[in-house]
Each structure stands twice: as C-alpha cells, then as structure tokens.
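Taken in order, these protein sequences are the chains called A and B. Under the working numbering, the first sequence has 149 at position 149, and the numbering climbs by one with no breaks. Under the working numbering, the second sequence has 222 at position 59, and the numbering climbs by one with no breaks.
The set of hints was computed from the structure by calculation and includes no laboratory data. Here the structure is a predicted model, which is why all the values come from computation and not from measurement. Treat the hints with care, as some may be off.
[As the list claims (entries may be wrong)] Some chain A residues near chain B, calculated using beta-carbon distances under 10 Å: (1) Cys-29; (2) Thr-30; (3) Gly-34; (4) Leu-41; (5) Ser-72; (6) Phe-73; (7) Phe-89; (8) Thr-118; (9) Asn-120; (10) Ala-122; (11) Val-144; (12) Gln-146.
[What the hints assert, rightly or not] In silico BS3-like links for lysine-lysine, alpha-carbon gap of 25 Å or less: (13) A:Lys-59 to B:Lys-287; (14) B:Lys-305 to B:Lys-287; (15) A:Lys-59 to B:Lys-296; (16) A:Lys-59 to B:Lys-195.
The beta carbon of each residue, even a glycine, is placed where N, CA and C say it ideally should be.
The primary structure of each chain is shown beneath.
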Amino acid sequence: MMKTLALFGVFCLALAPAARGQTKAGTTCTEISGQLNEFILPQASAPTDPFGRILGNVKGSLEGAVTAFLTSFVPSANGNVRVTNNHAFATLEGNQIFTRGAADWVFVKNGFYQVDMTLNIAGGTGRYVNATGSIHLLGIGNNVGQGTGQFVDEYRGQVCVPQ
Amino acid sequence: MTRHLTIGSACLAAALSGTAPVEAACVPVSGKFTEHILPAGSAPNDPAGRVIGNVDGTLKGATTAFITSIAPELNGNLRVTTNNVFVTDEGNQLFTRGDAHWEFIANGFYQVELTLQIVGGAGKYAGASGTIKTLGVGDKVKPGSGMFIQEYRGRLCTP
Numbered sequence: 001m002m003k004t005l006a007l008f009g010v011f012c013l014a015l016a017p018a019a020r021g022q023t024k025a026g027t028t029c030t031e032i033s034g035q036l037n038e039f040i041l042p043q044a045s046a047p048t049d050p051f052g053r054i055l056g057n058v059k060g061s062l063e064g065a066v067t068a069f070l071t072s073f074v075p076s077a078n079g080n081v082r083v084t085n086n087h088a089f090a091t092l093e094g095n096q097i098f099t100r101g102a103a104d105w106v107f108v109k110n111g112f113y114q115v116d117m118t119l120n121i122a123g124g125t126g127r128y129v130n131a132t133g134s135i136h137l138l139g140i141g142n143n144v145g146q147g148t149g150q151f152v153d154e155y156r157g158q159v160c161v162p163q
Numbered sequence: 164m165t166r167h168l169t170i171g172s173a174c175l176a177a178a179l180s181g182t183a184p185v186e187a188a189c190v191p192v193s194g195k196f197t198e199h200i201l202p203a204g205s206a207p208n209d210p211a212g213r214v215i216g217n218v219d220g221t222l223k224g225a226t227t228a229f230i231t232s233i234a235p236e237l238n239g240n241l242r243v244t245t246n247n248v249f250v251t252d253e254g255n256q257l258f259t260r261g262d263a264h265w266e267f268i269a270n271g272f273y274q275v276e277l278t279l280q281i282v283g284g285a286g287k288y289a290g291a292s293g294t295i296k297t298l299g300v301g302d303k304v305k306p307g308s309g310m311f312i313q314e315y316r317g318r319l320c321t322p
C-alpha cells in the first residue's frame, strides 16, 4: 500500500505544472533566479542605519536595484557571523519586493565570508502586491568592513502573488 | 640672473615633486533615473524617507537616497536636502549631497529641480567632485509611496 502511495506521489510530482505559473492555494508562484552585486555604503551615506546599509545591482528575474540594512549582527567566537536583514528590490519595470532575511556568514579570512542567506518575501508593490515566497542566496563577502566591501550572490527562489 | 635661475629651479623642483596642484579630469554625465519611495518598514531609520532607484545613462546602475531636511513653503512647495548614492553596473560608487526644490502641482505631484554636489566616490570615482543637475516630477508622493522620474545632466571630475 505504502509503495503504491509513494509511486502515486512520484507520478503526481511528475505531472506538476511547469515552474512558471504554478498555483498554490489562491496564489500564482513563479521561479526566479539571478545574481546580485551589493556594495556596503560608507557611514556618511547611511548614518542612521547602525549596522550599515548596502546598495546593489540585480540581474536576472528581479533585474534592477536593491538596498538592504542589517537588523541584527551576532558574531561568533570562530569568526562566523549570524545576521538578520531587511531588503527592498526595485525592478526595472518599477515593481518592488520587500523581504526579511537571515544569513550565515562563514569566516574564510579577515573580511572574507561565504554567505548563505534566506529572504522571506513580505509583500511588494505593482505586480508584487501582497507577494509571498522565499529567495535563497549563496555568495561571498569580499573585503567586508564597516562602510566598505561588497557581496556577490546568486539567488534562486519562488515569488507567489495572489490570483 | 642667478636669482632668476634659482627661483626657476625651485618652481621646477616643486612641479616635479608633485606639490603643484593636480589637474582634475572632467567628463559630462547625463541620463535618467526612476526612484521609488520605500515604505517605512524598509527604511525605519530614515524618518524623512528613503528612495531606491534604477539609473540609465552615464551612471547606469542603482541609486538610493534619503532626505536630510524638508522645509515646507507657504504655497505648497518644498525645499528638500538629500544624500544620494549611485552604484554603477561596473561597481563604481558616487556620493552626493543634494538641494532640491519641489514645486507643488497637485496633491502628491511636484515638479522637482535638484542639484547634487559630488563629494567623492569609490573605484574610478575615488576623490570625485563636480555637480549634477536633475529635472523631473514627483508622482503620487507621500510618506512610504510614490516615485520620482528625473533626467540628469552634469559634470564629474576625478583627480
């Protein structure tokens, strides 16, 4: 019986709709992917964000601009850092996506980190009004310091909007 | 004669030792940008608001800015100062301080004239100076929503 159910599950999975336009309980979900290149702004350009702010360029499905700030920064004894953040994307078409994220920065050497980050989509504007979903990013932090350095990340995820 | 030669030698020595003023290389910049006002949840530490935008033209890439002061005038116009950053697709950064006049057209709609003084940068714009003027409109502008569409033109100088 279990084997039959498992086979049925695999069969259903194979018949699942293509990535673009998947539906999920009243929402339409779309696979997204691409790269982003984020630059840490100097303190004078983000004086009110205590942990700093980035500005970046986005390629791929969300092509456009991104800005983000850290909402928490917790370093570990081994050099790794756990951060939470708040991102806003503005696509070239004029749509915005807002996210709340958490990331692990694995220490490579001073100023250099391997970054693993998950962004939970918390709404948007334009075609992304009330969007949900999540975006997973993998990348590196390069010469990261207060007010300087950059992050180069690849992203992949799913954006869902109400039908 | 000897005295003239001595003065001439001193000037030459100063020039060769690099103490003479360095000439800046200036280039014209122009293009367009579209800025979106972020909701308070995306910029909670910027009480007067922050924008994110996409830039076309010479500075093609991304921009963000926040308002450093806003002074209403009697006729509905606003005097605004700003802090704008540009990140080009090539990874160069440009930092500016802005002074804008928002001329009231209708509720939430403004004609915007902005002058950005360049106060440095990173990458190829390290030590940059110059001025950029923009002309555009504010569309459905209110706290946390709305947009600005602007054309920019100016002169960017690097050491």
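Check your understanding: Against chain B, is A:Ser-72 within 10 Å by beta-carbon distance?
Key -> This interface hint is violated because 13 Å lies over the 10 Å limit.
Point to revise | Agreement of hint A:Leu-41 with chain B interface, Cβ distance less than 10 Å | key: holds, 6 Å
Exercise for review: Grab the minimum C-beta distance from A:Phe-73 to chain B and call the hint holds if it beats 10 Å, violated otherwise.
Suggested key: With a closest approach of 14 Å, the A:Phe-73 hint is violated.
Check your understanding: Do the numbers back the hint for A:Phe-89, that is, is its least Cβ distance to chain B under 10 Å?
Key -> holds, 8 Å
Practice item. Would you check the hint for A:Lys-59 and B:Lys-296, treating anything up to 25 Å between C-alpha atoms as holding? Key: Roughly 28 Å separates the two Cα atoms, so the pair is violated.
**Study point:** Residue hint A:Cys-29, partner chain B, criterion CB-CB below 10 Å
**Key:** violated, 23 Å
**Study point:** A:Thr-30 as chain B interface residue, shortest Cβ-Cβ below 10 Å
**Key:** violated, 21 Å
Check your understanding: Was the hint right that A:Gly-34 lines chain B, CB cutoff 10 Å?
Key -> Interface hint status for A:Gly-34: violated (14 Å vs cutoff 10 Å).
Point to revise | Minimum beta-carbon distance criterion (10 Å), A:Ala-122 to chain B | key: holds, 8 Å
Review point. Does B:Lys-287 lie within 25 Å of A:Lys-59 when you go C-alpha to C-alpha?
Key: holds, 22 Å
Check your understanding: Was the hint right that A:Val-144 lines chain B, CB cutoff 10 Å?
Key -> violated, 14 Å
Check your understanding: Is A:Lys-59 close enough to B:Lys-195, meaning Cα to Cα at most 25 Å?
Key -> holds, 19 Å
Checked against the numbered hints above, the structure violates hints 1, 2, 3, 5, 6, 8, 9, 11, 12, 14, 15; every other hint is satisfied.
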